[in-house]
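Peer 1: Next come the chains, spelled out residue by residue.
Protein chains: 2
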Amino acid sequence: MRITAPDDFHVHLRQAPLLQGIVRDTAHVFERVLVMPNTDPPIVSAELLENYRAEIDAALASGQRLSTLMTFKLLSSLDPETLPALKEAGAVGGKLYPAGVTTNSEDGVRDVRSISPQLEMMQELGLVLEVHGESPNGFVLDREAEFLPDLEWIVTTFPSLRVVLEHVTSAAAVHALERMPERVGATITVHHLLITLDDVIGGKIRPHLFCKPVAKREADREELLAAVFGGSGRFFFGSDSAPHPVSEKEASCGCAGVYTAPVAMSVLAELFEDHGVPLSEDDRKETDATSLERFTSRDGAAFYGLERNTGILDLAEEEWVVPASYGTVVPFRAGKILRYKAKKEGGNEP
Amino acid sequence: MRITAPDDFHVHLRQAPLLQGIVRDTAHVFERVLVMPNTDPPIVSAELLENYRAEIDAALASGQRLSTLMTFKLLSSLDPETLPALKEAGAVGGKLYPAGVTTNSEDGVRDVRSISPQLEMMQELGLVLEVHGESPNGFVLDREAEFLPDLEWIVTTFPSLRVVLEHVTSAAAVHALERMPERVGATITVHHLLITLDDVIGGKIRPHLFCKPVAKREADREELLAAVFGGSGRFFFGSDSAPHPVSEKEASCGCAGVYTAPVAMSVLAELFEDHGVPLSEDDRKETDATSLERFTSRDGAAFYGLERNTGILDLAEEEWVVPASYGTVVPFRAGKILRYKAKKEGGNEP
Numbered sequence: 009m010r011i012t013a014p015d016d017f018h019v020h021l022r023q024a025p026l027l028q029g030i031v032r033d034t035a036h037v038f039e040r041v042l043v044m045p046n047t048d049p050p051i052v053s054a055e056l057l058e059n060y061r062a063e064i065d066a067a068l069a070s071g072q073r074l075s076t077l078m079t080f081k082l083l084s085s086l087d088p089e090t091l092p093a094l095k096e097a098g099a100v101g102g103k104l105y106p107a108g109v110t111t112n113s114e115d116g117v118r119d120v121r122s123i124s125p126q127l128e129m130m131q132e133l134g135l136v137l138e139v140h141g142e143s144p145n146g147f148v149l150d151r152e153a154e155f156l157p158d159l160e161w162i163v164t165t166f167p168s169l170r171v172v173l174e175h176v177t178s179a180a181a182v183h184a185l186e187r188m189p190e191r192v193g194a195t196i197t198v199h200h201l202l203i204t205l206d207d208v209i210g211g212k213i214r215p216h217l218f219c220k221p222v223a224k225r226e227a228d229r230e231e232l233l234a235a236v237f238g239g240s241g242r243f244f245f246g247s248d249s250a251p252h253p254v255s256e257k258e259a260s261c262g263c264a265g266v267y268t269a270p271v272a273m274s275v276l277a278e279l280f281e282d283h284g285v286p287l288s289e290d291d292r293k294e295t296d297a298t299s300l301e302r303f304t305s306r307d308g309a310a311f312y313g314l315e316r317n318t319g320i321l322d323l324a325e326e327e328w329v330v331p332a333s334y335g336t337v338v339p340f341r342a343g344k345i346l347r348y349k350a351k352k353e354g355g356n357e358p
Numbered sequence: 009m010r011i012t013a014p015d016d017f018h019v020h021l022r023q024a025p026l027l028q029g030i031v032r033d034t035a036h037v038f039e040r041v042l043v044m045p046n047t048d049p050p051i052v053s054a055e056l057l058e059n060y061r062a063e064i065d066a067a068l069a070s071g072q073r074l075s076t077l078m079t080f081k082l083l084s085s086l087d088p089e090t091l092p093a094l095k096e097a098g099a100v101g102g103k104l105y106p107a108g109v110t111t112n113s114e115d116g117v118r119d120v121r122s123i124s125p126q127l128e129m130m131q132e133l134g135l136v137l138e139v140h141g142e143s144p145n146g147f148v149l150d151r152e153a154e155f156l157p158d159l160e161w162i163v164t165t166f167p168s169l170r171v172v173l174e175h176v177t178s179a180a181a182v183h184a185l186e187r188m189p190e191r192v193g194a195t196i197t198v199h200h201l202l203i204t205l206d207d208v209i210g211g212k213i214r215p216h217l218f219c220k221p222v223a224k225r226e227a228d229r230e231e232l233l234a235a236v237f238g239g240s241g242r243f244f245f246g247s248d249s250a251p252h253p254v255s256e257k258e259a260s261c262g263c264a265g266v267y268t269a270p271v272a273m274s275v276l277a278e279l280f281e282d283h284g285v286p287l288s289e290d291d292r293k294e295t296d297a298t299s300l301e302r303f304t305s306r307d308g309a310a311f312y313g314l315e316r317n318t319g320i321l322d323l324a325e326e327e328w329v330v331p332a333s334y335g336t337v338v339p340f341r342a343g344k345i346l347r348y349k350a351k352k353e354g355g356n357e358p
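Those protein sequences? They're chains A and B, same order as listed. Taking our numbering, the leading residue of the first sequence gets 9, the next gets one more, and so forth. Taking our numbering, the leading residue of the second sequence gets 9, the next gets one more, and so forth.
Think of the hints as simulated: they come from the structure by calculation, not from any bench. Don't take every hint at face value.
The list cannot tell twin chains apart, which means a pair is met if one copy fits it or any two copies do.
[Said to hold, decoys possible] Only pairs whose alpha carbons sit at most 20 Å apart, straight line, appear in this in silico EDC-like list of lysine to aspartate or glutamate: (1) K349 <-> D296; (2) K349 <-> D207; (3) K212 <-> E256; (4) K293 <-> E278.
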């Protein structure tokens, strides 16, 4: 099975010493990725952005290619006048983290109204706003729903700003999105399509399935599946692949994030197949609303106004066992048998 | 400050090699404890019960005393004719674990109706039924509420059986209890009075605050506080102190249970004081509905039809830092400063 090589519109590539392994795992499967800016220090200037991209490029194995769509971190303190230079340096979007909602977000935004000048400038420049849509206060399972009024305020106040609600997890968010204009899209991760909070804390506690936003109820998961399989085009793939070394996951206090890059396409291929949804556009019949290829390799590019990737992803029907770890990072589905092996043509083994 | 030495109507004393440290920590503060039977193998015969009690007694430090109220594990396979012998060996109650809800409960009960003969016999013998009140299926936050119809069935079907709903965590359970006859009581832990799910997974993930039932919302916690401070007498103290070695807590898959024995009385003293509720009955005014002494040293004993303890607990106003660990176990509030030091008079340092 061959499909257009996929995009991942939400990845954390981290920094050294993790960076090299993560970049190579990612480039093995993905042709283009939207790189999150919550590094330490955060990406808040053209220079930092260019340096980070150079580090990523230098981390690739010989012969590997990875197209990096860069983002900057939206802070209340960020001078709007720096945004043209960020765009010129290659930024396609800016990421809004409400303060304290996830890894390295302590410096995030306390009130979305405080970044109006930056949002105004982003709208003018055609930059996309990527949003971690959780209210920093409130009960952990309600935070996404409680953020929706802020999202609506942004969408209404900036009438031509393109906005992506990242890693949606709740039926409430899916329904809110569907009522919004088409310039508002959303990414959906592979893990939120597969797990609920019961998988995280319903039996024993499983830190490697712990992420922000936390997985919700089965009814929420079903709405996410319906959104993906509905083929509206506004729900596209962003893995939120977010590795942490095992020492920072399995401890008295563990970080949020699931590392999915090496398994995402294999897991998605099984999921789509199990739901009777074709993998490639070539195999899509009139009665099929969508395909895996559309979810991972077409709809996101169209939303961002980008050309489709020219590379190919080979999805071979070949069982393999997910390694217990990639370097110091435990991946999603560690130790499980997957039935598709995903490899980008032209990429090298990581 | 001196109060009647406390009871703990729900403890896990575990087995060697953990047993000795746990028993000594517990005997340092508590005069009498209700011992849970979910050992491996479980306590399901008079012989096993007597052996376990002997092991506990042998684990005490020289000069320490701990009165053990023993329980057995209610299994569908347990012959009701063994119950008189269990009572004779010293069992005061039998513990119902629905299958799979917590540590060592894989052999638990799948349908409460399947243990009618055992419940009938317990009622006849005057044994108390202790219930882990969670439905084994369903969403993790709903399991306690979903078990309530089963509880109501038990209470209605066995009209003179005394029943304790253990470690209640939800407003739904508190309200259901309040509508039931007075022979139905409930234990409340110290950690469920202090934490919500936000403390477990709202920031980073904290395995040492992970327990079953999982902590719920702030509104649930407030109902638990109201139940305790209301002084109805039917909500009494059971810590569910449930130690696991750090290696079984901080791993890719961690066990449920919070170790509170060494800190429970100190933490409760602060909590009651911070809410303006007196610690001792001597200090209780007419306007005070209850006291810490009532919660930990009177109401449970009255429910079980037992004499009050004769020992004294000294609650000294003396700051101390909770150790990072007791042996291999990380306690609740590790590293925190507490302002009351609790020590049972006549007990030895563990």
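Peer 1: Run every hint past the structure and note whether it holds.
Peer 2: Against the structure, the hints come out as follows:
1. Proximity of K349 and D296 under a CA criterion of 20 Å is satisfied in neither setting, with 24 Å inside one chain copy and 68 Å between copies.
2. In the homo-oligomer, the alpha carbons of K349 and D207 never lie at most 20 Å apart, since the shortest distance is 25 Å inside one protomer and 39 Å across protomers.
3. Proximity of K212 and E256 under a CA criterion of 20 Å is satisfied in both settings, with 18 Å inside one chain copy and 10 Å between copies.
4. For the homomeric pair K293 and E278, the shortest alpha-carbon distance inside one copy (19 Å) is at most 20 Å, but the shortest distance between copies (67 Å) is not.
Checked against the numbered hints given earlier, this structure breaks hints 1 and 2; the rest are met.
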